[in-house]
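A.B. asks: Here's the letter readout for the chains.
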Amino acid sequence: MSELRQALRRLGRSPGFALLAVAMLGLGVGTNTAVFSLVNTLLLRGLPVPAPGDLLSLFQSNPKRGVERDVTSVPNFRDWRDQSTCFTHVSAVDPGQATLATPEGPEVLAITGVSASFFDLLGVPPVAGRGFRKGEDEEGAPLTAILSHRFWQSRFGGRPMLGSPITLDGRPFTVIGIAKEGLEVPVATDVYVPAIYPADSQRGALFLPVIARLAKGKTLADARTQLAAIMERIPSEKERGWTASAVPLAEDAVSDQRMSLLLLQGAVLLVLLIVAANLAALLLARAARKTRDGAVRAALGASRMDLAAPLLAEGVVLALGGWLFGLLLGRAFLAVLLVASPAALPAWARPVLDGRVLLVSLGAALGTALLASLVAIGQKVRSVPIEALREGSRATPSRGSRRAQAVFVVLELTLSVALLGLAGLTLRTLSNLATQNLGFESRTLLVANLLLPGAEFETPGARRSAVQALTERLSGLPGVTSVSGTTTLPLGGNYNDTVFGLEDRPDAPATEPNVTGVDQVLPGYFETMGMALREGRDLSPRSAPDPRASEVVVNQAFERRYFPGASALGKRVFFGPRADPRRAATIVGVVSDVKRESLRRSERPQLYFSYLDITPRRMTFVLRTALTPGELSSQVRAAIREVAPAAAITSVTPMDSVLGDNLTLPRFLAGLLTFFAVTALVLAALGLFGVLSTVVAQRTNEIGVRLALGAKPGDVFRLVTGQGLGLAAAGLALGVGLSLGLGRLLGGLLYGVSATDPTNLASVAAVLFTVASLACILPARRAASLDPVAALREE
Amino acid sequence: MPEALIRLDNVQKVFLTDEVETHALASIHLEIAKGEYVSISGPSGCGKSTLLAILGLLDTPSSGTYHLNGKTVSGLTLAERARVRNREIGFIFQSFNLIGDLTVFENVELPLTYRGMPAKERRDRALAALEKVGMGHRVKHYPAQLSGGQQQRVAVARALVGEPSILLADEPTGNLDSQNGEQVMALLAELHKTGATICMVTHDSRFAKNAERTIHLFDGRVVDEKVPVLVG
Ligand SMILES: Nc1ncnc2c1ncn2[C@@H]1O[C@H](COP(=O)(O)OP(=O)(O)OP(=O)(O)O)[C@@H](O)[C@H]1O
Ligand SMILES: [Mg+2]
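Residue numbers (numbering that gives the first Met the number 0), protein chains in the order written: chain H, 0 to 794; chain B, 0 to 231.
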């Protein structure tokens, strides 16, 4: 204790050193605290439900067809639920949109259809009212709804709602409960409703996500075995090669973020290591100035422990200071991070500084400070008293400690080069994703998402004429050059699949359902989007469906896949679960591929139908504008409300902002990594500056000698910068090696750039040398302007 | 009469610290001819080192003129002064001032490096200089591995390797025991015999008498110049 008090007093006497050390530690601990609290929330603590490890996500797969993982069908879900013994509960989780009738007109909500057992499965009962009861998810049951806490607060101001009616998609529901605040598992939603499906649902219609909770004593392996066995017993599924399996839901819930988070955690650990090296160099420099003191004390009989204890105590004091500062910084980082990029994390994941985070950050602070202290202690204890006493009266001083400092600076530079390299790769990835050719022109595109709910749009005819009227009205808006529409906007987060067959095709027989992406579009869609028509023609503009002359346009991926080297034009596609020949369409055109499901994946085979043929209740209008698309959005909203007041507007946004939503995670990763890399570089530059300053201070006499021997100021300047840039070059060489190694780990996070990309490495080198040169300038100038007489007098 | 190698006319040096003026040198007139061996003595603080620093172009006089080889040095730029130091002047210090990170050989070679001399020539000259001071066998050693007397002999080699017009020595024996001190003085005497011009500061009257002429400084002034009686 008295050691600590003395250490505090000693540090108080050199406040500059103490503040610098605490600031550096705080920066290292702060970044680590922020990132670790994310890791803790997403990867360690997991979903905010009891025993989150027992929750599984069930899925089906078909190795024969290369389908690694797919959602399931209603009949399969029922079989899994009814035949399994491994689970306490099995529930559908069917996310979608619905319209809420409000006095101001329809409002679009996120709703999730769940099984009656859903809240029991999660183990998180509603905080008010009750969960769904057995039977409430069956056909004919009275319609009930449970509000999410967030939605209850934001939409109804938290007023009593139990027993109140709400109208969703034109049907009356009774509110029976309010879910717990922050539940949002496995998806964020406004309203939960029972998932009710008709008895005759198709096994081929895969759209349903399913979750389950493991029963006591059962394992993931048990569940997998049993699911596979159940599928074996379903002849149609077995015949087509379908099987089923499960993964932990927690893993599933963070699959997008996991790699990025681990990478970021690694990055901030490197930052911490840099802080440790910097602190070690700082302590060494401080110790070097006191070598003689130590030597004198050793000569007077101080033991090694006597010499080490003060340094250790200083380390502990610095660590505590750095920890407290780091917690403040960490909280600030976290707040900035959540504000800057709220969508990067799942809605249930609200990071907090819990006990584990506090402990880990304390450990980081202590570990870093003590590691640095031990290095300084090692140096001190090793310096033999006689030599230290003699030093200074003979040649210029202490090569040993200077060399140790140089090693640390090279280490810092190495690590920051590695981080710069990684940051560069993620920045290039971001830019590649953002600027790639999407297959359509997004810049002057405005998109308006609509739902057509309720009785007013009950019949396909009503929907058709509403869409037609809307198209005409929107086309008439000033600044709009063309208007069309689609049911699934590229990169909009919705994809529909359909089963189909091809005539006379053994690889896609008409008797066997094959799965492909499907989209219903309005006339002129390809032209409005700026997609290229490669062969044939657009769907013909008609006002009513003609079942005998059904047409379809396919994309190039479809043609490549099913008609390699040949034209798909004129070929017939069959639809329906049994590829009913009466439900066929002729391929009339081939269009270019677009980025549809994700910015990274190239497009799957895709079919485009006329909206007339299917007329679902959703429509996304796409408007090509002559103006900045954003400027038109309020006019578009007004026009839609005027023509179809019963339609619900989900959103009206520029296509570019839809693209932006697809860039959330890469931007999050690139932004943070760049921030950490810059932090690391600044720390390393400080380290370099510190070492060079020490060198200049220690070599003042030598520099005086050199000046006396005829060195010009320029020679001295070069002497110092040469040394600094030499260290930078060593750091660069090692760092590039490290960066190449680490870059390989990035693999799947990269896009359009490889870890060995020479441009990236060259940019890193340029940045490093620029910053290193800046760090050299001051010490070098100081050295070059030394007064030779004064310098010679210095010992 | 041939032009003196060094001529100081009315040279003054005033240090200003915290409003206090220190007149380290007051009106110095001094000529040193080529081939002369001059010693400077005087009590501590009388300005000996200051005078030597001015002679060596490490410092500039506050007023007065300094002619070196007939040319005034007052208008020289920093780089030109460095060049003159390198070509015309060799320094020997009390505390040797060898560079610890460099070997004996590299220390001696250093002034030639600043001259941009080719490596081969540098090597030959440095080795010759080291031979001259009897340190040819220690070229690869580091200064810390040598005795004080040996270090000072290396420093002498470094001072003379560039064949300067004049060797300036500030108490070269100050950190040496008498035996080592005598060896270094003998070395200087030998160099003088072969034609070197030497200007040496020393407290030690035994060594001062090695010189042909002794200049006494007191409070920044030359108080007495005497030519020692040659013992015959
Ligand atoms: N940079 C300086 N600033 C202020 N005063 C100085 C400076 N350098 C020297 N002096 C003063 O000038 C005077 C002469 O100093 P100098 O070093 O020349 O003495 P010295 O004769 O060499 O003494 P010593 O025999 O002790 O080495 C002293 O009074 C000294 O304090
Ligand atoms: Mg002196």
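Since the hints were made in silico from the structure, they are not lab data.
Some hints here could point you the wrong way.
[Unchecked claim] Quick list of in silico lysine to any residue cross-link-like pairs, SDA-like style, CA-CA up to 25 Å:
| no. | chain 1 | residue 1 | chain 2 | residue 2 |
| --- | --- | --- | --- | --- |
| 1 | B | K119 | H | Q697 |
| 2 | B | K139 | H | Q722 |
| 3 | B | K119 | H | R717 |
| 4 | B | K70 | H | V788 |
| 5 | H | K179 | H | A17 |
| 6 | B | K139 | H | Q697 |
[Said to hold, decoys possible] In silico contact screen, one side only, chain B against chain H (beta carbon under 7 Å); selected entries:
| no. | residue |
| --- | --- |
| 7 | D58 |
| 8 | G74 |
| 9 | L77 |
| 10 | P110 |
Keep in mind the model is a prediction, meaning the values are calculated, not measured.
Ideal placement from N, C-alpha and C gives every residue a C-beta, glycine not left out.
A.B. asks: With chain H as the partner, please determine if B:G74 meets the hint condition of a C-beta pair closer than 7 Å.
C.D. replies: Given a least distance of 17 Å, the restraint on B:G74 is violated.
A.B. asks: Quickly compare the C-alpha distance for B:K119 and H:R717 to 25 Å and report which way the hint goes.
C.D. replies: holds (23 Å)
A.B. asks: Going straight from one Cα to the other, do B:K139 and H:Q697 come out at no more than 25 Å?
C.D. replies: Holds, at about 24 Å.
A.B. asks: Take the shortest C-beta to C-beta distance between B:L77 and chain H; is it under 7 Å?
C.D. replies: Holds - the Cβ of B:L77 comes within 7 Å of chain H, reaching about 6 Å at its closest.
A.B. asks: With a cut-off of 7 Å, does the beta carbon of B:P110 approach a beta carbon of chain H closely enough for the hint to hold?
C.D. replies: holds (4 Å)
A.B. asks: Under 7 Å is the threshold here; is the Cβ of B:D58 close enough to any Cβ of chain H for the hint to stand?
C.D. replies: holds (5 Å)
A.B. asks: Check the hint pairing B:K139 with H:Q722 against an upper bound of 25 Å on the C-alpha distance.
C.D. replies: holds (23 Å)
A.B. asks: Taken at face value, is the distance from the CA of H:V788 to the CA of B:K70 at most 25 Å?
C.D. replies: At roughly 23 Å apart (the allowed maximum being 25 Å), H:V788 and B:K70 satisfy the hint.
A.B. asks: H:K179 and H:A17: Cα distance at most 25 Å?
C.D. replies: This hinted pair is violated, its Cα atoms lying about 47 Å apart.
A.B. asks: For B:K119 and H:Q697, compute the direct alpha-carbon distance and say whether it is at most 25 Å.
C.D. replies: violated (32 Å)
When the structure is compared with the earlier hints, violations turn up for hints 1, 5, 8 and for no others.
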